[in-house]
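**Student:** In the order they appear, the protein sequences are chains A and B. Taking my numbering, the leading residue of the first sequence gets 6, the next gets one more, and so forth. Taking my numbering, the leading residue of the second sequence gets 10, the next gets one more, and so forth.
Keep in mind that a hint or two might mislead.
To be verified - Here are the computed distance ranges between Cβ atoms for each label pair:
hint, chain 1, residue 1, chain 2, residue 2, range
1, B, 265, A, 52, 47 to 57 Å
2, B, 167, A, 270, 29 to 39 Å
3, B, 28, A, 63, 27 to 37 Å
4, A, 270, B, 130, 35 to 45 Å
5, B, 138, A, 116, 39 to 49 Å
6, A, 330, B, 127, 17 to 27 Å
FYI, nobody ran anything at the bench for these hints, they're computed from the structure. Just so it is clear, CB atoms sit at the ideal spot from N, CA and C, and this is done for glycine as well.
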Amino acid sequence: MSKHMTTNTPTKAPIQVQASVLKNLDAVRAMIKRHKLNDYIFSVIGLLALMFALLTLLILFGDLVMDGFERFNLKFLSEFPSRRAANAGLLSAWVGSALVMLVTFLVAVPMGVAAGLYLEEYAPKNWFSDLIEINVTNLAGVPSIVYGLLALGLFVYILGLGQSILTAGLTLGLLILPIVIVSTRESIRAIPIAIREAAYAVGATKWQVVYDHVLKYSYGGILTGVIIGMARALGETAPIITIGALTFIAFLPPSPVTDVAPFINFEWLSSGFTVLPIQMFNWLSRPDHAFHINAAATGALIIIVTLLMNGTAIYLRYKIRKNIKW
Amino acid sequence: MQNTTSIIKAQSKNLDFFYSNGMQALKSVNMPLYENKITALIGPSGCGKSTFLRCFNRMHDLYPGNKYQGEIVMHPDNTNILEHGVDPIEVRMRISMVFQKPNPFPKSIYENVAYGLRVRGESNKRMLDDKVEEALKGAALWNEVKDRQQDLAFNLSGGQQQRLCIARALATDPEIMLFDEPTSALDPIATANIEELMSELKQKLTILVVTHNMQQAARVSDYTAYMYLGELMEYDDTNTIFTNPTRKETEDYITGKFG
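Excised from the complex, chain B in its bound form (with noise of 0.2 Å):
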């Protein structure tokens, strides 16, 4: 787990970010993602760990008036995709997302996993099945739903339903995969099951992850960000912030001092 050699996948320099309403959620954030490990943001809530998530794949561009200020640089081809002639569709074909709560669309298992090639203009039926069944045992859900793709998703328990996004999300081959309190609105077994998928995921793909459980982060993580008030404290690899942090502010927070 040292840095020196790992591949940064990318990279947010000097990230600032703006609110609509002119709150500033983010102060010249500076940070790697290392590809092929998971990275872990921490923090108390409205810290901006969620805000400097959703800037990676321009989720915040859905809603006028907010503001980016720096660059998030993606190797190897060096774009800058908070640029204004990036296209956020573009960005978002690359660096897939996982949201909090389960939120597959009201379509069957099957319609769910297949969207994201279809709307990349995919239609061949062969290909989709593949895709589909590629990423539904990607997210180790193939063996419970393979006889019913045609189910509606919401009939899929909580757990179930996570990991379905997560294939949806899988599906399109992203390079970045981002989750945003994947396991919140989860049970205990159900939260087991979605981390060793993560660690199981990241042999093909760099993750992001936000969350409030600092045993999830110690758990899946190699890298772990701890923020608050929307800059980044302490940032080095996950064993060095739980076991041996520099700054008291980061220890206060693991240790449950404060938060």
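The following block holds chain A by itself, in its conformation from the complex (with noise of 0.2 Å):
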């Protein structure tokens, strides 16, 4: 080696800048162990605090299986609440929920798309629709106690509703509609200009181009809302104590399909109610301890619903969105 730069006459030169960028070299690697420390850093950070809310979540669901594990049975599901914590069930309550539900459901989405659709593909864009877009918004974070304060005075005083099906579900309806309004805004904006426009080059009316383009890509997402905010309702508890839903009920409402023509009646909207987590804040309620297993029963099993609720959110979009890709 040596006898070859010897014969050269540029050698010193080379030598000379390889050292320097080896002295450099040395620099970048400790610059780049020092920042990747911080990468470190934040990803024990970042799993700390994932494993908290996690944690948090496993513990209270598993001291509530735990507590309500021996009346995981169908008798709970298909028994009356009763004087007797061993005979209690969860019929009325369960039955309550789901038909409180089809309400929320059949007031929210076509009410909430509806609006959605609408201050995003047709309105103007100026500061009303600015200002309406924050209201929107805020009133997610409205508690939901001041929603039932309106369903008690609007629904119940004014419309005379009573303390029915029809306005828990109009009240769960309503508190849900900012999140499906949002959730539609958001995945309608994510459809690509060039497909709308794609879609007017050919002739198509706005309607049409709504209708067979916009829903359509978007409804995966419009779906997830939907169900996140069904999975809220579910739970929700205060604005159904405000409007005064009964919290002892031993009958079921009048059935919504009957075996006389014309097969469907509505006698069950205006019927009294009780939901589950009102069932469980009873039970809770009392001193018997033998009712806190109840109660502890039926916790969970909003949970793992709320979870089932969820997970078929999560399921949908990515199938439907599979098929879809910008």
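Please assemble the complex out of the two chains, which come individually in their own frames, going by the hints.
**Tutor:** Printed below as a string of structure tokens:
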């Protein structure tokens, strides 16, 4: 090597360059190491935060399951509440929850999707639509008891709908309306302008673009928002108590489906009712510990149903978006 | 390629265009489109060529505040397609468009091509099948997709997607087809396919194409317009523009001294 160097005239320069590069390389490596330490520190902090949230939920859920384990059987779902804790069941509560959810769904989905579509596709973009947007977002953060008070005044007293399934469904429908509107707008916004222009360019009207394209490509996201909203409504207690739902119900509302024509009736809408979280609250407020077991079992059931709903939302989003790439 | 033997299909007269922010993007553009000819629009970025193209199917109407002044008259019916009384949807039924990036709908190949017909109320299955086949053949895509028309359009390659978009624009028998830099997202082979296709399409319709690619304009077009800062600097048949331009600016742009 030294022989080779002596034969060339510009020998010194390359060696010097190499030395300085090497020196720099050490500095660069040290810097990368320092920066990577930050990566590591943050990943640990992030993991701890995640674990804290997950573990809290898991412990809570595990505690409920262990406390309520002995009531996990079909009898618990098929019995009315009773004065004797061991005989008491959730029948009226889960049927009430299901019927209220049905009304909530029928109220929130058409109204929320229509409002979201209008705001995104039809409304002129100006300060007024900005104001509406801010208000809709804010509505999502209004405490649910305020919705309860509104419903008590409007639906129960002014409109005279009574302390009924209809009132509860309308109230929860209003409560989750902002969630549905926001998720509708977000999924609509995700559709590229190029796709809309392509549809307009072949001569489509606004409604054809909305119906054939905008709705078809965004319903996965809309559905996700609806399910998450419904899961929230399922657990809501405060507004339902405010409108005066009964806490002890030993009957079922009239069936929505009958065996005589027209096979459907709407009497159930005006029926008194109770829902799962209220039943849980009722049992929890009793001194007898046996009822607390029932409450724990109910809590576990609500969490399981909520998780199932959210799981469905994630699955649907994945499945529907698989065919849409942009 | 003499102007005298050609029929004018459409003509812009003193066309000004203003975007909603007040910027004037077109300044008194006067230009004919000859029937069954390809007219290329060239010029540096931001010169207004895409803006001009999008006037022809009233795409600017989708965004509030944009304003046209002047006329684009379509022949033989002498309709000024920019007039307030003329519905932009009617214009788009006569003039179709192919975009810069392939933008198929997230639907099947068949539904992509059939969509324009469905919008026009066509629901007869036989009729749709025939029209879709005809359009796919016209876009030189039929042989590649005839056995998988129900596949998603996204599964096609970029070049195939662009030909699908051409088939979609073709299915409705337009009088004029607008191409907004149709090959800028494609590789050279796909580009050659599209250029060949355009030359075939002009037998049936009139083409206006925006291109950044000087060779492309020279290869495919019959007439070329050079635009700069919203003005039509020079318009002539393509041979003249590329071999003997009148204006120095045109020559500078074409030879790459500028732009």
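**Student:** Can you list which hints this structure breaks, lowest number first?
**Tutor:** Per hint list: 2 and 3 violated.
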